[in-house]
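Dock chains R, E and D against the given chain H, drawing on the hints supplied.
Protein chains in written order, with the working numbering: chain H, 1 to 302; chain R, 1 to 302; chain E, 1 to 302; chain D, 1 to 302.
If you're looking for bench data, these hints aren't it; they were derived computationally from the structure. No false leads were mixed into what you were given.
Same chains, same label: a pair holds when it works inside one copy or across any pair of copies.
Derived DSBU-like pairs: lysine-lysine, alpha-carbon spacing no greater than 30 Å straight-line:
| hint | residue 1 | residue 2 |
| --- | --- | --- |
| 1 | 126 | 166 |
| 2 | 281 | 166 |
| 3 | 81 | 136 |
| 4 | 292 | 128 |
| 5 | 128 | 179 |
| 6 | 232 | 83 |
| 7 | 248 | 85 |
| 8 | 83 | 245 |
| 9 | 179 | 130 |
| 10 | 281 | 81 |
| 11 | 179 | 297 |
4 protein chains.
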Amino acid sequence: MCRMLVFKGESPILLADLLTRPAHSIIMQSVNCKLLLDWRRNTNGDGFGIGWYDEPQESGCIFTSTLPAWGNLNLQRLAEKIKSKQIFAHVRATTGGTATSESNCHPWQFGNLMWMHNGMIGGFPKIKRKIQASLKEEIYLSIQGTTDSEHAFAVFLNQLDDPMKKSFTYTELKDAMLKTIALLNQWLEEEGIEDLSLLNFALTDGENIVCTRYVNRSDREGTSLFFSSGSKFQSEENGQYRMIKANKREDVVVVASEPLTYERTDWLVVPTNTVLVITSKFNVLQYPIIDKHHTTKKRSTF
Amino acid sequence: MCRMLVFKGESPILLADLLTRPAHSIIMQSVNCKLLLDWRRNTNGDGFGIGWYDEPQESGCIFTSTLPAWGNLNLQRLAEKIKSKQIFAHVRATTGGTATSESNCHPWQFGNLMWMHNGMIGGFPKIKRKIQASLKEEIYLSIQGTTDSEHAFAVFLNQLDDPMKKSFTYTELKDAMLKTIALLNQWLEEEGIEDLSLLNFALTDGENIVCTRYVNRSDREGTSLFFSSGSKFQSEENGQYRMIKANKREDVVVVASEPLTYERTDWLVVPTNTVLVITSKFNVLQYPIIDKHHTTKKRSTF
Amino acid sequence: MCRMLVFKGESPILLADLLTRPAHSIIMQSVNCKLLLDWRRNTNGDGFGIGWYDEPQESGCIFTSTLPAWGNLNLQRLAEKIKSKQIFAHVRATTGGTATSESNCHPWQFGNLMWMHNGMIGGFPKIKRKIQASLKEEIYLSIQGTTDSEHAFAVFLNQLDDPMKKSFTYTELKDAMLKTIALLNQWLEEEGIEDLSLLNFALTDGENIVCTRYVNRSDREGTSLFFSSGSKFQSEENGQYRMIKANKREDVVVVASEPLTYERTDWLVVPTNTVLVITSKFNVLQYPIIDKHHTTKKRSTF
Amino acid sequence: MCRMLVFKGESPILLADLLTRPAHSIIMQSVNCKLLLDWRRNTNGDGFGIGWYDEPQESGCIFTSTLPAWGNLNLQRLAEKIKSKQIFAHVRATTGGTATSESNCHPWQFGNLMWMHNGMIGGFPKIKRKIQASLKEEIYLSIQGTTDSEHAFAVFLNQLDDPMKKSFTYTELKDAMLKTIALLNQWLEEEGIEDLSLLNFALTDGENIVCTRYVNRSDREGTSLFFSSGSKFQSEENGQYRMIKANKREDVVVVASEPLTYERTDWLVVPTNTVLVITSKFNVLQYPIIDKHHTTKKRSTF
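Chain H extracted, bound-state conformation (with noise of 0.2 Å):
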């Protein structure tokens, strides 16, 4: 299972503290195995990516390589130098056949926007003509790699008026999330798959959020999902770090599918089947997916 990271702070955040530096990064929980001398860690080597926003209303930058995350040179001098306000990060293992290729790692951006998928969509192979067909020409014709996540942000971008606009408002985003999500069960829903899906999503514009948490069961949880905010994120000691709760503003929020501290107590679990949202002024909403996966019951851990 992959592993994703949304950072967006008031501030910028040097990459090495979010990525590299920390005890219980998504990068460095294998690095800190290894010290343990125990072996049993995450793999999620299968390359990664980075991506970072500079300037708002500009596109990003991504960093992606298919070398394991963990010993890559590149990665640990550009997160000791580069800071950003909004940033995104993937470790990336593969499921099924999918080539390790870096056409295929996290994120993808178009324009301004940026994505990235924790999951895998159950049966892709059948809906990915009727995928295709759906697409605009450019749309279709920037997909450069096989995955189901890049077919996904296909779908995603294909609901926006203007893909390439250099500024959206959060609802827009939103409602092209939850079409994006519908489409999907819809195609498969028409081929009669019932494999299980798993669509922890998360969208960029380099200033709103958008990020999910969805299964199509209604009998069980989707993919973990915590975020925690604060006032700022910072390391204690020993490579320790924490969510500093310093006053009542909220200057940091953080998304992880796991959190990154030892304070359990600083994460909050994103419900299974709910949208996300972080918008620009770093308010966050939270919003339940209503459709045939919904249900208010308990829904079972696997």
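Just chains R, E and D, lined up with the frame of chain H:
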């Protein structure tokens, strides 16, 4: 421009004797130029691939890399150990914005068939949907990359009754090749595309070989293609290799974008818009491709 | 921690039957775990290498990569085609700050000899100059990387009269191995280094094999090492493999950091501080390494 | 032959304006040639590296790759976002059998210092031990690769009182550079080596720059080196760039193996056996290197 090479012999040849040792091999040209301190040389440095067969009626093996061929230690080591009677090799220079990824390295294989391409389909993006729409499901889903060359292979496979068969006649393969070129031309015309297409394809089932030299113009030459045959391809001195013609038998046939030896008389030009067949019995057959781009007049080189 | 594997058979085995197909092979463990959605697994994702011999008294062939073994298409394709009677395989997890580079991937070769290492030389940087100073010129200059493991190989080569010989007796090789360990210990002591060293080495000339399980402590176990022998290593069902013991003859010997099959009774533990020899005639010999770290008391695991 | 490039400006330049966009940039030359269907071009395809500084008196950042620069998506994306006042860039062609590995990509850094080299030390293997023996421990252990260029950097570092200092005078750096060349010459002479050495080095502390153009012959020219200065390096049209000289001030200095623009009058030749200094105040100083290879007679080009 890419380069490609096809070898077929009665006896196995060490890959090194074809690929890395000859002074004018497709891979070693660069190294020689380096030694001469002449830094102008062929670059084809965007990856390479080799394919070879051990046994008739079994699938071949492929080794590809996005690193330049000339500095690839694995290639050098494998080439010193592996022998084969049937070899494909390709060095790649990307055209346009196609990503350098292993999925985009020639040759590709499907069952026992192997394919490579030197050239490009002009206006490919505009007929990509038509190509994909024409394909049987398992062929459509087998596409891993984004190149025109791999899509042309898919069109070829789609013309065969059963591309997973163990064995083919050369006529089947030649006919499917001609249909492939005809279909590509038809789709390009339907879209009103007049861009230049250079279709030097090479296809084998491990026993028969079908190559083309083709251009969609009647007034100019296609990308270069040569062949040479004899009783043995062997080293002389100083890294020079020769095609030995010891008797009337043709035990070795080589097809290449450029002559591999300095003895130009050893090499025959394949005429533009021709399909060249080397049968499993070592018969070398040439057929003109008769369509609207056929001509008996002199074509211009470019 | 790295893992390594040594195979010697009377008949050649397809690399895939040893490396990629077994459910518990050193390479496939990760994939299985993935299927189980259990993302805790062995990672050894910092590159791998395989070495094999075609002919006795010829040098072997090596294929290495800095990409994780599990997603490597070239490895999968080569493994389905290459057969050998004598195979080395190694998956690597970097320790400390050593770069992930092909020069740092096991195994290494020199003439007909091949070497790999599971473990580390504690305090290696402090004896690096001493090691280099002890080496004959051509051995010193043959070092391409920066690892302790490659330097240990250089020390081993330096103990041989002529490391470029075609053929060796197992006694020569065993003696050179013991001298290597003794010298490393001596240099570490001269520098007052008391760090833990784990010296599981594997060495072959293509016919004889010498392995060690060694730690520079008398109170603890070394890194795990097992071996298994029988008449055939073959697949049962569901990716399960078994060591078949059809008769008294030992036609197959496997040495591995971890058992490759779930049948624990097939696997014998190599005692800590032992040198294990498999002769060209398939005799399996074990000798305790008698030095100050030898003990007959129980050692602690860690 | 490699190529290198040094930029120093009063204002930051976007890396793309120096490295990827100019029609004759060290990286884009290949692409242009490709468009012209002229496949003879510079190849330097065995990796590349860029180094840049954000802040004075801080260490720089380095991005290297063993893939050719021209197809590297990460390079293209980073170059479109990163700005710097102080930039090093290097494209590499391996000489001899040196492996293509990230450890062997220029530039290297140590503390705030950064180093690259265009050329080679003739007979390097024969003085490698002498070089290593001369080094302080922390410098010796910092060597990650096997190249002559990285070892020359180590010799340079060894001439400084404290290579980890934050700030240096240009005189310190120039003197250490001259001692480095003198020592290399001395060791080569002691070993009776008369091979050609081409020592075009570039060194910076982030503020001062010291470059050399040097050959250990008095009768021939060294590898080419040019510089250009002005008030701005900016784009005209069609990918053409110009060095603008709007006023007397020199706000931009570029040093390069080859001119980056087609305006040859913008570029001055650095004479063979010269050390070129660009001070933190943008003074450009040249000093002849006076030793036995110095001459006032005409040297031959080669």
